[in-house]
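K.L.:
In order, the protein sequences belong to chains A and B. Using the working numbering, you'd call the opening residue of the first sequence number 1 and step up by one each time. Using the working numbering, you'd call the opening residue of the second sequence number 1 and step up by one each time.
Calculated directly from the structure, the hints in this document are not laboratory data. This list has only true hints and no planted wrong ones.
Derived CB-CB ranges, DEER-like: (1) B/Pro35 - A/Gly261: 50 to 60 Å; (2) B/Lys152 - A/Gly401: 30 to 40 Å; (3) A/Arg221 - B/Asn103: 46 to 56 Å; (4) B/Asn29 - A/Ala190: 36 to 46 Å; (5) A/Gly41 - B/Ala95: 11 to 21 Å; (6) A/Ser235 - B/Asn29: 23 to 33 Å; (7) A/Ser45 - B/Asn29: 18 to 28 Å; (8) A/Asp155 - B/Asn103: 39 to 49 Å; (9) A/Arg221 - B/Ile72: 31 to 41 Å.
In this text, a Cβ means the ideal position worked out from N, Cα and C, and glycines have one as well.
Listed here are the chains, written in short residue letters.
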Amino acid sequence: MIGPHEFSTAACDLESALVERFGDGDVTPAERLLVLNHLLGGCESCKRALRGRFQLLEERSDSTFSMQRVLANVADLEQRLAAERHTAEEHWTDFQRHPPQRQWTLLRNSARFDTWAFAELLLEAGWAAVYDDPHAALEYNRMALAVAERIAPHDYGRSSGFDLRARAWGRVANSLRATSDLTGAEAALASAAEHLEQGSGEPLGEAEFLYFKASLRRAQRRFDEALAAVRESRSIYRMIQDPHLEGRSMLCEAMIHDLRGDLEQACEVSRLAVAQVDPRRDGRLALAARHNVVWFLMAAGRASDAMRELADLRPLYHAYGDRMNLLRLQWMEARILRLQGDLPAAEARFREAHTGFVEAEIPYEAATVALDLAVLFAESGRTQELKPLAADLVAVFHRLGVAREACAALMVFEGAARAEAVTVSLLRRLGDYLQKVRTQPDLRFDAES
Amino acid sequence: MNIVNRDPKTDDLPELLHQLEGEFSRILNRFQIPPQDAEDIVQDLVVLFLTKRNEIESPAAWLAGTLRMRCILFWRTRRRRIMESIDEGLLQELATPGELSQNRDDVSRDLSSAIRHLPQRCQSLLRLRYGLDCDMPEIAKKLGYSATSVRKIASRCLSALTGQILSTAQPLEAAK
Numbered sequence: 001m002i003g004p005h006e007f008s009t010a011a012c013d014l015e016s017a018l019v020e021r022f023g024d025g026d027v028t029p030a031e032r033l034l035v036l037n038h039l040l041g042g043c044e045s046c047k048r049a050l051r052g053r054f055q056l057l058e059e060r061s062d063s064t065f066s067m068q069r070v071l072a073n074v075a076d077l078e079q080r081l082a083a084e085r086h087t088a089e090e091h092w093t094d095f096q097r098h099p100p101q102r103q104w105t106l107l108r109n110s111a112r113f114d115t116w117a118f119a120e121l122l123l124e125a126g127w128a129a130v131y132d133d134p135h136a137a138l139e140y141n142r143m144a145l146a147v148a149e150r151i152a153p154h155d156y157g158r159s160s161g162f163d164l165r166a167r168a169w170g171r172v173a174n175s176l177r178a179t180s181d182l183t184g185a186e187a188a189l190a191s192a193a194e195h196l197e198q199g200s201g202e203p204l205g206e207a208e209f210l211y212f213k214a215s216l217r218r219a220q221r222r223f224d225e226a227l228a229a230v231r232e233s234r235s236i237y238r239m240i241q242d243p244h245l246e247g248r249s250m251l252c253e254a255m256i257h258d259l260r261g262d263l264e265q266a267c268e269v270s271r272l273a274v275a276q277v278d279p280r281r282d283g284r285l286a287l288a289a290r291h292n293v294v295w296f297l298m299a300a301g302r303a304s305d306a307m308r309e310l311a312d313l314r315p316l317y318h319a320y321g322d323r324m325n326l327l328r329l330q331w332m333e334a335r336i337l338r339l340q341g342d343l344p345a346a347e348a349r350f351r352e353a354h355t356g357f358v359e360a361e362i363p364y365e366a367a368t369v370a371l372d373l374a375v376l377f378a379e380s381g382r383t384q385e386l387k388p389l390a391a392d393l394v395a396v397f398h399r400l401g402v403a404r405e406a407c408a409a410l411m412v413f414e415g416a417a418r419a420e421a422v423t424v425s426l427l428r429r430l431g432d433y434l435q436k437v438r439t440q441p442d443l444r445f446d447a448e449s
Numbered sequence: 001m002n003i004v005n006r007d008p009k010t011d012d013l014p015e016l017l018h019q020l021e022g023e024f025s026r027i028l029n030r031f032q033i034p035p036q037d038a039e040d041i042v043q044d045l046v047v048l049f050l051t052k053r054n055e056i057e058s059p060a061a062w063l064a065g066t067l068r069m070r071c072i073l074f075w076r077t078r079r080r081r082i083m084e085s086i087d088e089g090l091l092q093e094l095a096t097p098g099e100l101s102q103n104r105d106d107v108s109r110d111l112s113s114a115i116r117h118l119p120q121r122c123q124s125l126l127r128l129r130y131g132l133d134c135d136m137p138e139i140a141k142k143l144g145y146s147a148t149s150v151r152k153i154a155s156r157c158l159s160a161l162t163g164q165i166l167s168t169a170q171p172l173e174a175a176k
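Using the sequences provided together with the hints, build the complete structure.
P.N.:
Dropping the structure here:
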């Protein structure tokens with residue numbers, strides 16, 4: 001509507017309603033041409049009317065609204081949401097007792113799960129599972145997406161259905177990233193962006209999308225884009241005064257600094273994140289923040305400081321008992337022990353972590369830990385032990401369907417192990433290559449360079 | 001867990017909203033939201049709040065911040081619709097066959113006049129779009145932009161063109 005404080009087109013012969021519809025994009029092709037020609041013909045009053053809709057003008061009038069009327073209009077929705085949340089909790093208790101296959105059947109066959117509240121519960125479950133079992137998280141997030149796609153886009157207020165779909169797609173992207181499927185994560189993130197574009201512009205959704213984007217770009221080693229996205233998400237969280245979620249974004253930022261080789265900055269941002277993340281809201285995230293501080297100390301070669309911080313932290317890993325976090329603990333302990341020169345203990349931890357990542361079907365982490373172990377063998381001159389390690393790794397990559405070129409690279413490693421020609425330099429180049437090939441599956445490993 | 005565990009029953013939403021009424025008015029006025037749209041925007045905001053309330057840490061900050069974002073979105077949507085109407089109109093007019101050629105020539109002349117007042121980068125892009133009927137991938141290729149950046153640049157150029165067509169400062173050559 002062109003309102004009283006905007007200009008009318010009274011001074012010309014074109015109907016103001018037609019100009020208004022042109023401004024809303026609600027015209028037939030013939031009407032569009034008519035108005036366009038009229039504008040190009042220089043009609044000042046029509047140009048002024050549209051200019052008032054195109055840019056902020058000097059003219060001002062008060063924007064008034066009635067809060068009483070707003071509250072009365074939303075009362076029904078508020079009651080409906082409260083009732084749905086209550087019912088969803090009841091359904092959730094029963095739903096959780098079933099295995100995923102049965103859960104999918106229930107979702108497909110019954111409309112009783114098609115509510116905002118049930119989709120929220122699925123997303124919460126997916127979020128909680130991502131630390132321990134990214135594949136289970138992916139399953140929950142896909143279920144949430146299925147529910148979100150069955151809810152009409154405007155069923156819970158204008159555009160908010162798109163927000164929910166965007167959020168579910170973002171969570172799917174994030175869990176795919178956690179399973180090392182970066183190609184799948186990229187596609188899911190693009191879907192999230194498309195839905196967000198049609199959504200309400202709600203800041204929590206925008207900031208979460210940016211956080212997931214930053215996490216994915218970080219994994220893809222596109223660090224400039226990752227930093228830009230994570231800083232944008234931080235500023236939104238700051239705007240809505242949510243220090244905990246800003247701390248989560250800071251955690252991501254610290255990891256980007258680490259991968260860029262700026263350990264000092266990584267450690268500093270990480271410590272700030274520890275101060276902001278609220279363990280009562282997300283104990284696992286608080287643990288992850290402190291884990292990262294220890295990791296960066298270790299990476300900086302400060303083994304004693306790392307071990308000291310870890311001593312306070314270790315009980316928390318076991319308290320949560322998450323498989324992925326325990327595997328990361330083992331991997332980190334192994335690296336610290338290696339730094340401290342306790343090679344037998346380091347080897348035992350590397351082996352445990354490697355076996356764990358293989359069982360969890362996280363191939364690139366499994367391979368990176370195996371390469372750590374291989375470096376340890378190579379540095380100790382234990383060339384015979386490299387052969388079964390390399391052969392196992394090739395078998396694991398084939399079994400998990402990892403990209404052909406990555407398998408080929410590991411076969412180079414296997415060949416070198418058989419020929420007793422593995423060098424630490426080759427292992428380091430393989431490690432770098434494995435980071436890159438996650439996002440560039442056609443990238444070839446150059447054994448000679 | 002991502003959710004802030006707050007009991008919705010203990011939140012006094014009406015009281016909070018009444019406390020924020022003055023702040024809402026200031027934001028809506030600053031963004032010059034027309035009165036007939038202001039209430040819709042506030043209502044959409046409250047609906048959003050109801051769907052997200054379990055996750056919101058600081059309701060007052062979220063409500064004020066979201067209202068600002070909604071106002072920006074309101075203007076962005078309005079601007080985009082006008083830009084699209086003008087863009088589609090121009091593409092349609094310039095593609096109209098023979099019998100209306102006089103009108104098309106007039107439009108071409110007016111368009112050229114408007115484009116001449118824009119930055120050089122926009123002049124090149126818009127001439128390719130309207131003069132040579134190039135699509136975005138072709139424009140990106142000819143001007144050396146990436147597929148993602150060409151859309152942003154095109155959007156800025158179209159915005160500048162729309163502003164120019166709607167402006168009074170520069171009369172168009174073929175004004176009738």
